[in-house]
Amino acid sequence: MRVIILGATSAIAEATARLYAKEGADLLLVARREDRLLAIRDDLLIRGAAKAEVAVRDLADPHGIEADFARFVAQIGGVDHIILAYGILGDQGPAERDPAQAEEILRINFNSAAAWTLAAAGALEKLGRGSLVVIGSVAGDRGRRANFIYGAAKAGLATLVEGLAHRFAGQGPRVVVVKPGPTITPMTESFNRKGALWATPEQVAAVVRRAADRGGPVLYAPWHWRFIMLIIRHLPTFIFNRMNI
Amino acid sequence: MTRFAPTEGVLSWGRVIRETQDVARPLWREDLPGLLREDTAAGRSCLAIGARRSYGDSGLNGGQTVIDMTGLDRGIAFDPARRTMRAEAGMTFDALLPILLRSGHFLPVTPGTRFVTLGGAVANDVHGKNHHGAGTFGCWVRRLGLLRSDGVEWELTPDDPTGLFAATVGGLGLTGIITWVEFEVIPAGSALMDTETVPFDDLDGFFAIAAESEAGFDYTVAWVDCLATGASLGRGIFSRGRHAPTGTRLLADKTGPAVPFEFPELALNGLSVRAFNTLYNWRSRMKAGKAVVPALSFFYPLDALRHWNRIYGRRGMYQYQSVVPPSAAREATRAMLQTIAAAGQGSFLAVLKTFGDRVSPGLLSFPREGTTLALDFPNRGSDTLSLLDRLDAIVREAGGRLYPAKDGRLPPDLFRSGYPALGAFEHHVDPQFSSRFWRRMQAAA
Ligand SMILES: Cc1cc2nc3c(=O)[nH]c(=O)nc-3n(C[C@H](O)[C@H](O)[C@H](O)COP(=O)(O)OP(=O)(O)OC[C@H]3O[C@@H](n4cnc5c(N)ncnc54)[C@H](O)[C@@H]3O)c2cc1C
Ligand SMILES: NC(=O)c1ccc[n+]([C@@H]2O[C@H](COP(=O)([O-])OP(=O)(O)OC[C@H]3O[C@@H](n4cnc5c(N)ncnc54)[C@H](OP(=O)(O)O)[C@@H]3O)[C@@H](O)[C@H]2O)c1
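First to last, the protein sequences are chains A and B.
So for the first sequence, full-length UniProt numbering puts the first residue at 1; every next one is plus one.
So for the second sequence, full-length UniProt numbering puts the first residue at 1; every next one is plus one.
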């Protein structure tokens with residue numbers, strides 16, 4: 001099993017990589033912080049990965065995405081699963097007033113992620129098999145005042161993945177978007193994490209790992225978010241507008 | 001980036017003390033100095049904590065700050081040829097076990113739960129069923145990283161001339177943050193154990209089997225029926241084992257059921273404790289004899305029921321563990337068992353074991369040569385506390401000591417008398433570090 005992880009320093013990605021390591025997979029870890037990548041690599045090798053390599057790259061840089069993806073595949077001698085995990089939450093308030101900040105949230109979470117998704121899907125199509133799991137968010141299911149710029153990017157990404165899944169229907173390659181609910185990771189460090197709905201990166205990782213084998217094209221993590229979002233999406237506007245969520 | 005946030009519900013395993021603390025859970029070692037600087041600037045004390053499997057108050061820092069180390073859980077280097085493992089302090093024994101077994105190795109020493117971190121194992125210098133041969137976990141530590149509040153990260157070895165290594169092993173987290181640990185692992189051919197279970201009828205029976213078993217078995221422990229009195233005082237089951245040389249190296253990969261919430265008080269009246277003890281006794285007797293069992297069930301029978309501490313309800317429980325020197329062992333153990341039986345506060349578990357003469361490396365390490373008795377008591381307020389006072393008197397008289405990781409009420413005078421190296425230890429305490437336990441000890445000084 002050969003796995004490429006884009007955004008391998010994310011807490012959710014690291015938890016997912018540990019599941020693959022336990023299976024003895026070959027891993028290619030891509031992110032922009034080399035020291036962290038190396039620490040994760042050493043750990044994954046100890047945990048059982050047959051091979052773990054790193055590639056340092058700013059994933060938001062739009063130049064040469066397709067060529068770099070081909071390089072990644074060559075670096076570990078082929079690919080079976082691809083996980084796209086990087087992203088930023090951004091700061092909604094300032095981003096509403098500062099177009100540069102809004103643009104950055106969209107560029108990282110949508111434009112660049114879409115480019116990697118298309119490059120990865122293209123590679124899978126050529127191979128005629130393999131899985132791509134893209135991490136979206138429940139924030140993409142209905143725009144909320146707290147984070148709708150981030151949510152819009154994740155909505156776009158989910159639509160892109162759904163479309164690819166439609167195109168690949170009945171063929172070899174699989175494309176899935178996993179939408180986590182609030183998860184205890186550095187991304188949500190500044191939140192007040194009271195309440196029962198917070199998941200651990202390990203819980204989300206288990207869904208991501210399973211998604212690479214079966215199910216989709218849209219999966220929630222943990223699964224109960226599917227029902228919560230079903231309700232939230234269907235709440236009439238006059239009720240939704242009064243809710244402080 | 002990581003920060004402290006006021007948090008309730010960060011309890012120790014005994015669940016008796018409930019105080020709010022500011023908790024940070026960093027994921028990268030580079031975050032640690034910043035957290036310490038924040039504490040220094042705010043004039044607050046700090047304490048690093050692991051998986052919170054200590055029962056008492058040595059892993060709590062109410063009203064102050066704690067750094068939860070469980071997010072720093074990466075392996076750093078494993079060298080099967082040299083038999084050394086180096087990992088971040090938050091890595092648990094649960095995560096280490098499958099890694100070590102895959103290459104035919106095992107933890108050199110393990111406590112009765114695998115959900116402890118390396119940092120916690122070092123800071124309490126934990127012991128296991130192989131103490132008579134292997135000594136404490138600290139005996140196997142080759143090197144460790146210690147970050148102090150002055151920003152200096154030390155790399156300490158057992159021959160460290162400053163004494164900081166000896167203060168840190170068993171040092172209850174008071175000398176700074178243990179960032180990583182390198183320790184020696186032992187060979188083990190499989191994830192199975194060759195075991196024997198032998199019932200004994202009284203306390204003399206225990207001492208006889210213990211003496212006879214220690215040469216031939218790496219691991220020994222006994223479970224005692226705390227409610228038995230008179231001629232059967234101290235009756236119980238002796239369990240001994242060694243690693244099976246061949247067989248599967250895979251651990252049974254299952255997580256058992258969990259106790260979902262704190263049980264109401266009435267679940268634990270004397271009657272149900274009695275029924276539990278009798279059943280446990282009967283069940284083991286049925287299985288007396290030789291058996292090959294999975295390592296997980298041999299070492300960690302309690303881990304099969306996650307959050308089992310919740311059955312003690314809102315008020316939590318006290319765990320009480322003493323060690324008394326060999327010369328006083330028989331008499332003091334007998335006196336403690338009599339006192340417990342007379343009080344009728346039956347303990348779910350009474351674990352009895354003899355410690356060997358291998359010297360513990362820490363200034364405050366609990367294990368010393370002698371006999372150790374560990375008991376749990378549901379917290380019934382003053383009844384329980386006065387029973388523990390009576391046990392204290394026996395331990396004091398016998399020249400023994402209590403394990404700070406266990407009861408959250410260890411009396412300061414007994415701490416001082418039990419740990420003669422306390423004076424030497426105090427020089428190494430980091431001025432920015434403290435714990436509820438430490439403040440309790442200092443207040444009395
Ligand atoms: C079911 C059960 C069985 C047990 N059996 C045994 C046994 O057989 N033998 C035995 O010795 N113990 C036993 N214990 C106790 C347990 O092994 C110890 O309390 C152990 O230290 C817990 O480790 P932890 O990671 O949970 O640490 P915690 O309980 O969170 O912390 C323990 C101490 O270590 C310090 N600490 C933790 N991490 C660090 C760090 N990175 N740097 C500096 N200080 C740190 C804390 O400040 C605290 O003083 C048992 C506990 C349970 C629940
Ligand atoms: N946490 C939640 O509540 C939650 C909920 C729903 C969805 N998600 C999604 O889950 C995914 C994983 O996030 P997480 O929760 O695990 O948070 P995280 O630990 O903060 O991970 C985010 C990762 O993205 C990386 N990254 C950001 N911009 C990058 C860039 N330009 N190039 C390379 N890497 C970049 C970050 O690396 P650096 O350290 O280099 O910045 C970081 O490792 C994200 O897509 C997120 O949107 C999270």
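Everything labelled a hint here was simulated from the structure, so no lab data went into it.
Quantities reported herein were computed from a predicted structural model and do not represent experimental measurements.
Virtual Cβ for every residue (Gly too), placed ideally from N, Cα, C.
Some hints could be false.
Facing chain A, a subset of chain B residues (Cβ under 8 Å, in silico) [stated by the list, open to error]:
1) Thr2
2) Ile76
3) Phe78
4) Arg82
5) Arg83
6) Phe106
Chain A residues, not near chain B, derived (Cβ > 12 Å throughout) [what the hints assert, rightly or not]:
7) Ala11
8) Glu14
9) Leu45
10) Ile46
11) Gly48
12) Glu96
13) Thr185
14) Asn192
15) Arg210
16) Leu230
If we take Cβ atoms under 10 Å as the criterion, some of the chain B residues that face chain A in the derived model are [stated by the list, open to error]:
17) Val10
18) Leu27
19) Glu88
20) Pro326
21) Ala328
22) Arg330
23) Trp438
Status of each hint after checking the structure:
1. Because the beta carbon of B/Thr2 sits about 6 Å from the nearest beta carbon in chain A, less than 8 Å, this interface hint is met.
2. A hinted interface residue such as B/Ile76 counts as satisfied when its beta carbon comes closer than 8 Å to some beta carbon of chain A; here the least separation is about 6 Å, so the hint holds.
3. Hint on B/Phe78 holds. Least Cβ distance to chain A is approximately 5 Å, under the 8 Å limit.
4. Among the interface hints, the one on B/Arg82 is violated; its C-beta lies about 14 Å from the nearest C-beta in chain A, farther than the 8 Å criterion.
5. Proximity of B/Arg83 to chain A is violated relative to the hint, the smallest CB-CB distance being about 14 Å (cut-off 8 Å).
6. Evaluation of the B/Phe106 hint against chain A yields a violated restraint, the C-beta minimum of about 16 Å exceeding 8 Å.
7. The claim that A/Ala11 is not at the interface with chain B is violated, since a C-beta of that chain comes within 12 Å of its own (minimum 6 Å).
8. A cut-off of 12 Å between C-beta atoms contradicts the statement that A/Glu14 is not in contact with chain B; the least separation is 8 Å.
9. At the 12 Å boundary, the C-beta of A/Leu45 falls inside the reach of chain B, the nearest C-beta of that chain being 8 Å off.
10. A beta-carbon of chain B comes within 12 Å of the beta-carbon of A/Ile46; the shortest separation is about 3 Å.
11. Annotated as non-interface, A/Gly48 brings its C-beta within 12 Å of a C-beta of chain B; the closest such distance is 7 Å.
12. Residue placement check: A/Glu96 keeps its beta carbon more than 12 Å from all beta carbons of chain B (closest about 23 Å).
13. Some Cβ of chain B comes within 12 Å of the Cβ of A/Thr185; the nearest lies about 8 Å off, and the non-interface call is violated.
14. Distance check for A/Asn192 against chain B: the nearest CB is about 8 Å away, which does not clear 12 Å, and the non-interface claim fails.
15. For A/Arg210, the shortest C-beta to C-beta distance to chain B comes to about 16 Å, beyond the 12 Å cut-off, and the non-interface label holds.
16. Non-interface status of A/Leu230 relative to chain B is upheld: no Cβ of that chain comes within 12 Å, the nearest being about 26 Å off.
17. With its C-beta approaching chain A no nearer than about 13 Å, B/Val10 sits outside the 10 Å limit, and its interface hint is violated.
18. Hint on B/Leu27 holds. Least Cβ distance to chain A is approximately 6 Å, under the 10 Å limit.
19. A hinted interface residue such as B/Glu88 counts as satisfied when its beta carbon comes closer than 10 Å to some beta carbon of chain A; here the least separation is about 8 Å, so the hint holds.
20. Taking 10 Å as the C-beta contact cut-off toward chain A, the hint placing B/Pro326 at the interface is violated, the least distance being around 41 Å.
21. Checking B/Ala328 against chain A by beta carbon gives a least distance of about 45 Å; that is not within 10 Å, so the hint is violated.
22. This hint is violated: B/Arg330 has a C-beta 46 Å from the nearest C-beta of chain A, more than the 10 Å allowed.
23. Interface hint status for B/Trp438: violated, as the beta-carbon distance to the closest one in chain A is roughly 29 Å, over 10 Å.
Violated hints, in rising order: 4, 5, 6, 7, 8, 9, 10, 11, 13, 14, 17, 20, 21, 22 and 23; the structure is consistent with all others.
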